[in-house]
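Construct the complete structure from the given sequences, taking the supplied hints into account.
Each chain, written out:
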Amino acid sequence: MEKVKIIETRNLQKTYFSSEGLPTPALRDISITISKGEFVSIMGPSGSGKSTLLHILGLLDEPTKGDYFLDGKNIKDYDKEAIASLRNEKIGFIFQFFNLLARTSVFDNVILPLLYSKVPEKDWKHRALEAIEAVNLGHRKDYLPSQLSGGEKQRVAIARALVTDPSIIFADEPTGNLDSRNGHNILEILQNLNEKQGRTIILITHESHAAAHAQRKIILKDGLVEIDEKILNQLRPTDVIIK
Amino acid sequence: MKWKHYLKTAAGGLLVHKSRSVLTILGIVIGIAAIIMISSLGEGANQLILREIQAMGSRTLVVTPGKEPRGPSNINSLFLDALKERELKALQDQSKVPSVVDATPMIIVPGSVSYGGETYDPTTMGSSENFAELMDVYPNPGRFFNAEEVRQNESVAIIGSEVKNKLFGPSEGLGAKIKIRGRYFRVIGIFPQTGSSIFFNMDDLIVIPYTTGQRYLLGTDHFFEIIVRAQSEALVPRAVAEIEATLRETQGITDPEKDYFHIHTQIDLADRVGLVGTILTLLLSSIAAISLLVGGIGIMNIMLVSVTERTREIGLRKAIGATEKNIMTQFVLEAILLTGLGGIIGTTLGITASFIIGQLIRRFGGLEWVFSIPIASALVGITLSCLIGLIFGIFPARSAAKKNPIEALRYE
Chain A
1 MEKVKIIETR NLQKTYFSSE GLPTPALRDI SITISKGEFV SIMGPSGSGK
51 STLLHILGLL DEPTKGDYFL DGKNIKDYDK EAIASLRNEK IGFIFQFFNL
101 LARTSVFDNV ILPLLYSKVP EKDWKHRALE AIEAVNLGHR KDYLPSQLSG
151 GEKQRVAIAR ALVTDPSIIF ADEPTGNLDS RNGHNILEIL QNLNEKQGRT
201 IILITHESHA AAHAQRKIIL KDGLVEIDEK ILNQLRPTDV IIK
Chain B
1 MKWKHYLKTA AGGLLVHKSR SVLTILGIVI GIAAIIMISS LGEGANQLIL
51 REIQAMGSRT LVVTPGKEPR GPSNINSLFL DALKERELKA LQDQSKVPSV
101 VDATPMIIVP GSVSYGGETY DPTTMGSSEN FAELMDVYPN PGRFFNAEEV
151 RQNESVAIIG SEVKNKLFGP SEGLGAKIKI RGRYFRVIGI FPQTGSSIFF
201 NMDDLIVIPY TTGQRYLLGT DHFFEIIVRA QSEALVPRAV AEIEATLRET
251 QGITDPEKDY FHIHTQIDLA DRVGLVGTIL TLLLSSIAAI SLLVGGIGIM
301 NIMLVSVTER TREIGLRKAI GATEKNIMTQ FVLEAILLTG LGGIIGTTLG
351 ITASFIIGQL IRRFGGLEWV FSIPIASALV GITLSCLIGL IFGIFPARSA
401 AKKNPIEALR YE
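Sequence lines, in order, name chains A and B.
Just so you know, the numbering used here puts the end of the first sequence at 243, numbered straight through with nothing missing.
Just so you know, the numbering used here puts the end of the second sequence at 412, numbered straight through with nothing missing.
Keep in mind the hints are simulated off the structure, nothing from the lab.
Don't be surprised by glycine CBs; every beta carbon is placed ideally from N, CA and C.
None of the hints are false.
Cβ-Cβ distance ranges computed for the label pairs, FRET-style:
1. A:S31 with B:L15: 48 to 58 Å
2. B:G12 with A:H209: 34 to 44 Å
3. A:F17 with B:L283: 53 to 63 Å
4. A:S149 with B:T308: 28 to 38 Å
In C-alpha cells form, the structure reads like this:
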C-alpha cells in the first residue's frame, strides 16, 4: 500500500507561560510523520507533552514554533474559520470524559457535528443512525446520556466522532474512565475503524496495554520523542476477553 | 449553520433551566408591562379628557383674568380682579362683539352648605341665567333662576343631586332654605343625576345668581372667568379677535404684550391636556426604562453564569467544528429569545391589565372609558426587549466564543 503522509510535524515547539511570565516548555522539538491509515499510540508519563501534542495535531491549539502539515498543507495558511471547518470535516475526537451534552438524546448528541458541517440536512438523520448502528447502539438512540453506562457513553462519543466521516480520529485516554471489559470493547471498535474503514487513529494513553492495540507507538518524554517504533505483535481484544 | 438549528439549540439551552429563565425575564416582563399599561391608560385618559372638552362645545371660549397661565391650573384667577361687570357688559354688547352669542360670568364661592343638622361641602358657583343652557343641564324638578332674579340679587339656588341627597336625604328639598356662608338660599331647582365628569361634577354643584354671590357672600365685584360662546366653530378666531379688541378698549390697554386677560379656546385646552399627558407618560416611561435596564443587567448576569456553567459544552462544540461566530450567535440568540419572550409576556400582561383597569374605571368611576390596544407601544415593547437581549447578550456571548477549547474541555 502506498503511504500518503496525513500528518507531518517539523520541529514543533510549544511553550506555556505562567502568569508571572515564566516559560514552561511542553514540547521541545517534535518531528513526526504519520501516514494515512496508521493506528498510532502516543504514550508518556504525565507532563511529557502528549496531551499538548494531541491538541496541536487536533487543531485545538497552535504551536509556538515549528510547522504542522495536515494533508500536506501547512496549517499556518488557514484562518480560524477554516481551522474550525477542518476540525469538523477531517477530525473526530474521543475524550476520556466522553463530553456528551447532558439532557440531550443519543441521537441529538451524535448529530451535533453535522450542525456545523456542510453536509446537506437531508442526509443528517441517515448519517447519524448509521454512526449509531456502527457502535451497536441502535436500541439506545433516544436515551439520555445519564441513562447509559460508561462504555455506552464512550460508544456514543465514537459515533459522534464518526458522523462527519473524518479521516483522522484522535482518542484522548478513551479507556481511562472505563472498566477493562468496556475498555476492550472501545479498543476493538478503534481497531475496526482502522482496519475496515481505513481511518487514521491516534490514541493517547498512559496504559501500555491499551497502547499495544496500535500498529506503532510513540513515547514522549519531557517534550521530546523518546521512542518511535512499530509494534510487532499488535494486540487483539479477542486475545484477552474471556468469553 | 441554519437559523432553525440556532433557534433549536438556543431554546434547548433555556429549557434546561426553566425556573431560572422565568425568574431572569421577570424584570423585562414587568418593565414592558409597565410601558404598555402607561401608554394604554394614558391614551385612554387623554381621549376621555378630550371628549369632555369637546362636549363643552367647540365654540366655547373662556376668558380669564391675568396674564396667560403657565401651568395647567388657573387657580390665580380666583383672586385677580381684571374681569368685572364692565368687561361682562362689553362682551354682551352685540355691536362690539358681533360674532359672540352670549357671555356668562362665573364666580366660585368657597365654603360649606348646611340644612338643619346636615353640613356638606359642595362646589358653589355663581353664574347668570345662561348657565343652564350653556352647560346643557336643566333642573328637574324645579327651574333655573331667571335674568330678573340675577338683577335683584335673589337668594335662590339650584343644587345637584348629590347635594340634595346629602342635605335632604329622600325628601324632595325643593323650596327648602339652605345656608351658604351664613346666608339662607331658597332651593328652586335640583339638577338630575348626570354622573361625574372630569372638570365639573354637576351632581356636586350649587349654582346661585352671581350677583348675590358677589354682593352677599364674597363682597367682591370681579369674576373667576367669563364663558363666551361664538356663533359657530368657524367664527371662533374672529370672536377671539373681537374679544381682545373689546377688552383692550375697555381696559385701556394699547400694547397687546400687556394684556391682563387671557382667552382660552378648546384647542388651547386640548393642547395643554395633551402636554400634561405627554409629560406624565415620559416620566413614567423613564421609570419603566430603568426597570428594563435593571432587567437587562440581570440577563447579562445570568448569561455569564450560563456561559461559565457550559464551558465544557462550548469546548466540545468548538472541538467538533463550531466557529466563534457559531458560538456567539447561539448565545446572543439565547439572550434575545429570553428577553423577547419576556417582552411578549410583558405586552400580554400589560394589555390585559389595562383592559381590566379600564373596565374598573367604567364600572366604579362611571366614566366613558375607551380601551385601546396600544399597537405601536406593543411593537416598540417587543422590539425593545429583543434589543435588550442583543445588547446585554453580546458581552457574555463574546466571552463564550473566545473560550479556548482546550481550557474549556478541561474545565470541571
